[in-house]
Amino acid sequence: MTAFSTIRPRGLVAAAAVALGLAAPASAETITAVMHSGLRVLDPVMTTAHITRDNAFMIFDTLTAMNSDFEVTPQMASFEVSDDGLTYTFTLRDGLKWHDGGEVTPADCIASIKRWMVRDGGGQMIADRMESLEATGDKSFALKLKEPFPYTLQAMSKPSGLALFMMPERIASTPADTAITEYIGSGPFKFVPDEFQPGVKVVYEKNEDYVPAEGPQSWFSGAKDVKVDRVEWVTMPDAQTSINALMNGEIDYMEAVPVDLLPLLQGVDTVKTDVLAKLGSVTIGRMNFLYPPFDNPKIRKAALMALSQEDVLTALIGNPEYFQVCGAIFGCGTPLEFADGSETLTSGGDIEGAKALLEEAGYDGTPVVLMQPTDVVTLAAQPVVAAQALRAAGFVVDMQPMDWQTLVTRRASQAKPSEGGWNLFFTNWIVPEVSNPLANIMLNGRGDSAWFGWPNDPEIEGLLGEYASAADLDTQKSVAEKIQAHVMENVNYIHLGQYNSPSAWNAALTGVADAPFPVFWGVGKSAD
Amino acid sequence: MPVYFVRRVLAAIPVMLVVAIFVFLLLRLTPGDPAAIIAGDMATPAQLERIRDALGLNDPLHIQFLTWIGRLLQGDFGTSLISNKPVLELVEDRMWPTIWIALITITLSVIVAVPMGVLAAWRHRTWVDHIVMTFSVLGFSIPVFVIGYLLIKLFAIDLRWVPVQGYKAPSADIGGFAIRAVLPALTLASIYIALIARMTRASLLDVLNEDYVRTARAKGLAERRVLFRHALRNAAVPVMTVIGTGFALLISGVVVTESVFNIPGLGRLTVDSIFARDYPVIQALILLTSGIYVAVNLLIDLSYSLLDPRIRY
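Which chain is which? The protein sequence lines are P and H, in order. Quick note, the first sequence lines up with residues 1 to 528 if you use the UniProt record's numbering. Quick note, the second sequence lines up with residues 1 to 313 if you use the UniProt record's numbering.
For the record, the hints were derived by calculation from the structure and aren't laboratory data. In this text, all values refer to a predicted model and were calculated from it rather than measured experimentally. Treat the hints with care, since some could be wrong.
To be verified - For the chain P half of the interface with chain H, some residues (derived, Cβ under 7 Å), not all of them: (1) Thr136; (2) Glu169; (3) Arg170; (4) Thr241; (5) Ala245; (6) Gln405.
Virtual Cβ for every residue (Gly too), placed ideally from N, Cα, C.
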């Protein structure tokens, strides 16, 4: 690293600085991390923002958890499912305490589950089938369903979207559309409210009373063994500043290093880099089904044919080491990895085929209003590449630049594209969020109550119903394959491939683990 | 003078009210919705609507405005829609880093720039003048983030004399505060030194050509006495204006410097709040910065009469 070769501290000024402890790294018991964004919203039921979820995993624990094999494992509670698939009995393990010293009771968990059910899609599916949710003992409670719903435990254990966290009853009794104001969990870290500065800094202390669950640590399951006294998340809006601070030992961990800046860190002895979220993220395009031209399935298909995953990913990530052309809508590397119907996307697009299909569909030149967010690095490239491909295929594209916040408001509008509505936008998800047909919100085909774009698609609703009632993995896989084929043919959304974000950390850290998003349990810091 | 002071303070009230109305309407007319930030990617239109209801964003504009003004008159700036924290608490947390950096920057700038400007005017059209002017042009021309990165590269990464980034409150750790304030203050001072030096030079050159200076020189007064007793005091009026408005500018918007040095100040809070459409925070910040501008302008005006006895209120 010639550009950042260091001249060692010397002379009086350097000695003075070190004596004052000013340029020295943080103490060995504190991990200082720069996360992907600043934390502002703290209630994990109010938002699906990833940083809010990451914060919640520090403070709160989950009843059950998903491991790296996508298996549901006991976390705060063990579970049993009755033979008829109607009763789920949870038994809390011994020694569970809230951060304020209170014991975790079934009433706390029941209140937490009920609040989550109001907001989460999976929770709503369980609520629709629920007969009762009641305590059955000092340490146990039972969820009874009116009809079998094999997805129940998966929904309760999913790590992303709106994950199900346990809170004391007095906090969990807060209405689901009102934010909680106390952040007391039973998780491995305690939130330090006095040091919280929204968007700037969050501080966690080790929960000395935490009793780790049995079993090896794997994603969000197993032992959550905390090895440091404090973790501090600091927000740094400038990636170059974070990189400089990491090299100088001022921070210990950087969640997302922009791929183009990664070479600055590679080869620095005191820093390690790797992709920790091995499954990575997917980038997708979503159309508006309510208005021309994308109310016509043939025109949607023509747009899909025009697009090339490699072109999009190259513009988005650049370095092929960090992206993967992948035709599977449930993600490559997941149990439901099927790629049926994705051939044009993964082989560079088929502009001629798209032109022919567009003509056959009778496209009349209706402009495609394409929303382009200019302030989000991970979403700025897709619209540009897509617009070029769509124009090449014969579409008239009206690309409208705006900030992401304007986009998220405008995409909720069902107005005509010419009157403030839209036809197409792009977004990204981490793979676990799309890896299951019932968790993948873009597959909802319930018209007005579906996700932005509002497809009315009874066929996919039927397939989702089949998946929900599938009793075993083989049946689930066969239904998932049908869903993959349907999505590619009907173009519920356009899957544009998978990519990874590298992380970087101080070489003094030990136990930095692979997970879809950062976990700080199991991470230690050597004193040297 | 006291009458003038009271009149100016009273005149600020309608100004602030107009600012309040303008900001309130402008924010509501800008596309974007805090409910969408809170609700996240999976929100349905119905969920967004429920959150808007809970936040009062569905109320008619005039009701929202009157509610806000009513609370404001009671000293209640509201609660952040996004973080749910009291706005005053948020602003107070973020105000001090900005104020400290601004004070150090302006102090440093004045200490360096005024002598530079005086020297350049005194040695007009000599190599001293040329050096000062070259420095001044460079200070204006190089973008502030470039200067910031160059200083980081040299002093933080290569020499390791200071940290790359961060802020510590002086009350908690004065040494930590000082060592972290050096680079951002130097970075910002590069612009203000250039600005104040140019203004001092130009203003002093104007004054040096005035009749009373010629008279003073003709009376045989020493050059130093002419410069410091007669010319500089009168030349200070426009310089004070630059210093005052510079301070107000530093308070209201040093976003780039705060980002490069990771200082949790008002600039970053403003930008973050705008992107999040956190209306109460943006409104409070704009009112605060408008108030600072009004106060600084008043102080500048009052300082005129102290510097130039010919000015009377």
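If you take the shortest Cβ to Cβ gap from glutamine 405 of chain P to chain H, is it below 7 Å?
holds, 4 Å
May I ask you to test the interface hint for threonine 241 of chain P with respect to chain H, counting a Cβ-Cβ separation under 7 Å as satisfied?
holds, 5 Å
Does the interface hint hold: is glutamate 169 of chain P within less than 7 Å of chain H, judged Cβ to Cβ?
The hint is violated - glutamate 169 of chain P has no Cβ within 7 Å of chain H, the shortest such distance being about 21 Å.
Would the stated hint for arginine 170 of chain P survive a check requiring a Cβ distance to chain H of less than 7 Å?
Violated - the Cβ of arginine 170 of chain P stays beyond 7 Å from chain H, reaching only about 17 Å at its closest.
Against chain H, run the beta carbon of alanine 245 of chain P and see if the smallest gap drops under 7 Å.
holds, 5 Å
When the least beta-carbon distance from threonine 136 of chain P to chain H is tested against 7 Å, hint result:
violated, 32 Å
Hint violations for this structure: numbers 1, 2 and 3, all remaining hints satisfied.
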